[in-house]
Amino acid sequence: MESELEQVTEIYKMATEFLVNYSFQIIGAVIILLIGLFVASKIGKMVQRLCLAKNIDVTLSHFIGSTVKIIVIAMVAIVALGKLGISVTPFVAAIGALTFGISLAAQGLIANYGAGFNIIIGRPFVVGDTISVCGVSGQVTQVKLGLTKLVNEDNITITIPNKHIIGEILHNSNAYTLVEASVGIAYGSDMDAALNVIEAAIKSVSTIPADVSPVVGIENFGDSSVSIGYRYKVHTEKLFLSKFAVNKAIFTALKQSNIEIPFPQREVKML
6 MESELEQVTE IYKMATEFLV NYSFQIIGAV IILLIGLFVA SKIGKMVQRL CLAKNIDVTL
66 SHFIGSTVKI IVIAMVAIVA LGKLGISVTP FVAAIGALTF GISLAAQGLI ANYGAGFNII
126 IGRPFVVGDT ISVCGVSGQV TQVKLGLTKL VNEDNITITI PNKHIIGEIL HNSNAYTLVE
186 ASVGIAYGSD MDAALNVIEA AIKSVSTIPA DVSPVVGIEN FGDSSVSIGY RYKVHTEKLF
246 LSKFAVNKAI FTALKQSNIE IPFPQREVKM L
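As numbered in the working numbering, residues 6 to 276 make up the sequence shown, in order.
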C-alpha cells in the first residue's frame with residue numbers, strides 16, 4: 006500500500022513540475038493553434054472567393070482554397086510544436102515512412118486522387134457539363150479528388166472513380182445533350198416541304214434552346230421511304246421530355262401537311 010502511495014505521489018510531483026515548467030508553453034501552443042485554424046479557414050475562403058471572382062472554375066477554385074488552407078494549418082502546427090520545444094524532424098521522417106506504407110496499401114485510392122488532380126488542373130470538363138464516359142452519361146454536379154458525380158434526367162446520381170475517367174474516350178457536350186433521330190417519308194412527297202416542316206416542328210418545342218438551330222437533311226434512301234435525319238441539342242436535365250415532345254410535334258406536323266410516313270412494304274410476285 007505504501008509503495009503504491011509513493012508511486013502516486015511521484016506521478017503527482019512529475020505532473021506538477023511539468024505544468025509549472027511548461028504551462029505557459031502549452032497555453033501558448035494551444036492559442037497559436039486555435040488562431041492558426043481560424044486564420045487558415047479565413048484565408049482558404051478568401052482565396053476561393055478570389056479565384057471565383059477571376060472566373061476560375063468552381064472545382065479548381067475549391068481545390069486551390071483547400072490546398073492553401075492545408076498549407077497554412079501545417080505551418081501553424083510546426084510553429085505550435087516548436088513552442089513546446091518539440092523538434093519536427095522525427096515527425097517528418099515518420100510521416101515519410103507512413104506515407105510510403107500507405108501508398109502501397111492504397112494504390113487504387115492514390116490512383117483516383119492522381120486522376121482527380123489531372124482532371125482539376127487539365128479541366129477536360131467542369132461542373133455543369135454533360136459528359137459520356139465508361140458507358141454512362143449525365144451532367145457533372147461535383148468533381149472531387151477521388152471521384153466525379155453525374156446526375157441524369159431521372160435524378161439518379163452516378164459516381165465514377167476518377168481513375169476510370171483518365172485515359173478513356175470522353176464525350177463532352179457542355180451543358181447540352183445531342184439527340185440524333187430520323188423519320189421516313191414517302192418517295193412521292195415534296196422533300197423541301199418535308200424538311201421545312203420537320204425543322205419548324207423541332208423549333209416549336211418550348212424546351213429546345215432558341216440559340217441552337219437543329220440540322221435536318223436527307224439521311225439515306227430506304228426500300229419504301231426516304232429517311233430524313235435530324236439532329237438537335239437539348240438541356241441534359243430535360244433530355245427525354247424534349248425528345249418525346251419533338252417526336253410528337255414532328256408526327257403532328259407531317260400529318261397536318263399531308264406528308265405520308267409509309268410503313269415497310271414488300272412486293273411479292275407469283276410466277
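Some hints could be false.
Result set (EDC-like, lysine to aspartate or glutamate): computed pairs, CA atoms no more than 20 Å apart in a straight line [said to hold, decoys possible]: (1) Lys253 with Glu204; (2) Lys260 with Glu272; (3) Lys248 with Glu272; (4) Lys260 with Asp195; (5) Lys243 with Glu185; (6) Lys149 with Glu173.
Computed spacing ranges between beta-carbons, pair by pair [unchecked claim]: (7) Ser229 with Asn252: 34 to 40 Å; (8) Asp197 with Phe245: 28 to 34 Å; (9) Ser178 with Glu272: 23 to 29 Å; (10) Phe268 with Phe122: 54 to 60 Å; (11) Ala79 with Arg128: 22 to 28 Å; (12) Arg271 with Glu173: 40 to 46 Å; (13) Asp216 with Ile75: 37 to 43 Å; (14) Asp195 with Lys274: 28 to 34 Å; (15) Val84 with Glu173: 42 to 48 Å; (16) Gly133 with Thr257: 30 to 36 Å; (17) Gly133 with Arg271: 48 to 54 Å; (18) Thr162 with Gly222: 36 to 42 Å; (19) Glu265 with Ile163: 18 to 24 Å; (20) Val273 with Gly222: 29 to 35 Å.
None of these hints come from the bench; they were simulated from the model.
The model shown is predicted, which means the values in this text are computed figures rather than measured ones.
Yeah, the Cβ is synthetic: ideal placement off N, Cα and C, and Gly gets one too.
Status of each hint after checking the structure:
1. Between lysine 253 and glutamate 204 the alpha-carbon distance is near 13 Å, which keeps this suggested pair within the 20 Å criterion.
2. A threshold of 20 Å between alpha carbons decides the hint, and for lysine 260 with glutamate 272 the separation of about 26 Å lies outside it, so the pair is violated.
3. In summary, the hint linking lysine 248 to glutamate 272 is not supported, as the alpha carbons are separated by about 34 Å, beyond the 20 Å threshold.
4. Taking the CA atoms of lysine 260 and aspartate 195, the gap is near 14 Å; set against the 20 Å cutoff, the hint holds.
5. Restraint check for lysine 243 and glutamate 185: satisfied, since their Cα atoms lie roughly 15 Å apart, inside the 20 Å limit.
6. A threshold of 20 Å between alpha carbons decides the hint, and for lysine 149 with glutamate 173 the separation of about 18 Å falls inside it, so the pair holds.
7. Here the CB-CB span from serine 229 to asparagine 252 is close to 20 Å, at odds with the stated 34 to 40 Å.
8. Between aspartate 197 and phenylalanine 245 the beta carbons are some 31 Å apart, a value that agrees with the proposed interval 28 to 34 Å.
9. As the Cβ distance of serine 178 to glutamate 272 is approximately 43 Å, the hint placing it in 23 to 29 Å is violated.
10. At roughly 56 Å, the beta carbons of phenylalanine 268 and phenylalanine 122 sit within the given window of 54 to 60 Å.
11. A hinted range of 22 to 28 Å holds for the C-beta pair alanine 79 and arginine 128, which are about 27 Å apart.
12. For arginine 271 and glutamate 173, the hinted distance range of 40 to 46 Å is satisfied, since their beta carbons lie about 43 Å from each other.
13. For aspartate 216 and isoleucine 75, the Cβ-Cβ distance of about 42 Å falls inside the hinted range of 37 to 43 Å, so the restraint holds.
14. One distance hint, 28 to 34 Å for the beta-carbon pair aspartate 195 and lysine 274, holds here, with the actual separation near 31 Å.
15. Range check, valine 84 to glutamate 173: about 44 Å between beta-carbon atoms, so the 42 to 48 Å window is met.
16. Taking 30 to 36 Å as the suggested C-beta distance range, the pair glycine 133 and threonine 257 conforms, at roughly 33 Å.
17. Take glycine 133 and arginine 271: their Cβ atoms lie about 49 Å apart, and the range 48 to 54 Å holds.
18. A beta carbon spacing of about 37 Å between threonine 162 and glycine 222 agrees with the range 36 to 42 Å that was offered as a hint.
19. The hint said 18 to 24 Å for the Cβ distance between glutamate 265 and isoleucine 163, and at roughly 42 Å that hint is violated.
20. Between valine 273 and glycine 222 the CB atoms are about 33 Å apart, so this pair conforms to the stated range of 29 to 35 Å.
The structure does not agree with the numbered hints 2, 3, 7, 9 and 19 stated previously, though it agrees with the rest.
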